[in-house]
Amino acid sequence: MGTLGAGVMALGTTQQLLAIATIVLVFTHHRWATRAAVFVGFGSAVGFTLVHLMPKWFGTFSDSFINAPASARVTGFSWFAAIFEISSALAIAIAGLLARGRQAL
Numbered sequence: 001m002g003t004l005g006a007g008v009m010a011l012g013t014t015q016q017l018l019a020i021a022t023i024v025l026v027f028t029h030h031r032w033a034t035r036a037a038v039f040v041g042f043g044s045a046v047g048f049t050l051v052h053l054m055p056k057w058f059g060t061f062s063d064s065f066i067n068a069p070a071s072a073r074v075t076g077f078s079w080f081a082a083i084f085e086i087s088s089a090l091a092i093a094i095a096g097l098l099a100r101g102r103q104a105l
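Quick note on numbering: the sequence shown equals residues 1 to 105 in our numbering.
FYI, nobody ran anything at the bench for these hints, they're computed from the structure.
Accuracy of the hints is not assured; some may be wrong.
Now the in silico label distances, taken between C-beta atoms and shown as ranges [as the list claims (entries may be wrong)]: (1) 72 <-> 13: 15 to 21 Å; (2) 58 <-> 28: 21 to 27 Å; (3) 76 <-> 4: 17 to 23 Å; (4) 72 <-> 14: 17 to 23 Å; (5) 98 <-> 72: 35 to 41 Å; (6) 35 <-> 6: 15 to 21 Å; (7) 50 <-> 76: 19 to 25 Å; (8) 76 <-> 100: 20 to 26 Å; (9) 16 <-> 56: 18 to 24 Å.
Built from N, CA and C at the ideal position, the CB exists for glycine as well.
Full structure from sequences and hints, please.
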């Protein structure tokens, strides 16, 4: 974690807290659960993409795998994990959209 900037750490921590809050809302059947799933899901997918898959455009908010320094040790597993996180976030967002559609019926 020595190559991660403070911005990336702050974004990652915020994302984790929002994801935990969303899980709690879903399992308690809270009325805001579907909105949280959509917001946090799409927000996380966009965030992971911007931070990890785009060139280092955002300074301290970038942890680009594209032009990572050797000390970052980006491997095939790093790419797998990032793509899995993005896919999972999209799945949560889509589930939230589908659940919202059912609530409207």
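**Report entry** residue 6 and residue 35 - C-beta distance against the hinted 15 to 21 Å
**Finding:** Check failed, 30 Å falls outside 15 to 21 Å.
Query raised in the report: Does the Cβ distance between residue 76 and residue 4 fall inside 17 to 23 Å?
Result: Once the Cβ atoms are compared, 20 Å apart, the range 17 to 23 Å for residue 4 and residue 76 holds.
Query - residue 98 paired with residue 72, Cβ distance criterion 35 to 41 Å - result: holds (37 Å)
Query raised in the report: Do the beta carbons of residue 72 and residue 14 sit within 17 to 23 Å of each other?
Result: holds (21 Å)
Query - Supplied distance hint 19 to 25 Å, evaluated on CB atoms of residue 50 and residue 76 - result: holds (21 Å)
Report task. Kindly confirm whether 15 to 21 Å is satisfied by the beta carbon distance between residue 72 and residue 13. Result -> Since the Cβ atoms of residue 72 and residue 13 sit about 19 Å apart, the hinted range of 15 to 21 Å holds.
Query raised in the report: Taking the beta carbons of residue 58 and residue 28, is their distance inside 21 to 27 Å?
Result: Cβ of residue 58 to Cβ of residue 28: about 35 Å, so the range 21 to 27 Å is violated.
Query raised in the report: Is it true that the C-beta distance of residue 16 to residue 56 lies inside 18 to 24 Å, as the hint says?
Result: holds (23 Å)
Query raised in the report: In this structure, is the beta-carbon distance linking residue 76 and residue 100 contained in 20 to 26 Å?
Result: violated (36 Å)
In the structure shown, a violation is registered for the earlier hints numbered 2, 6, 8, in ascending order.
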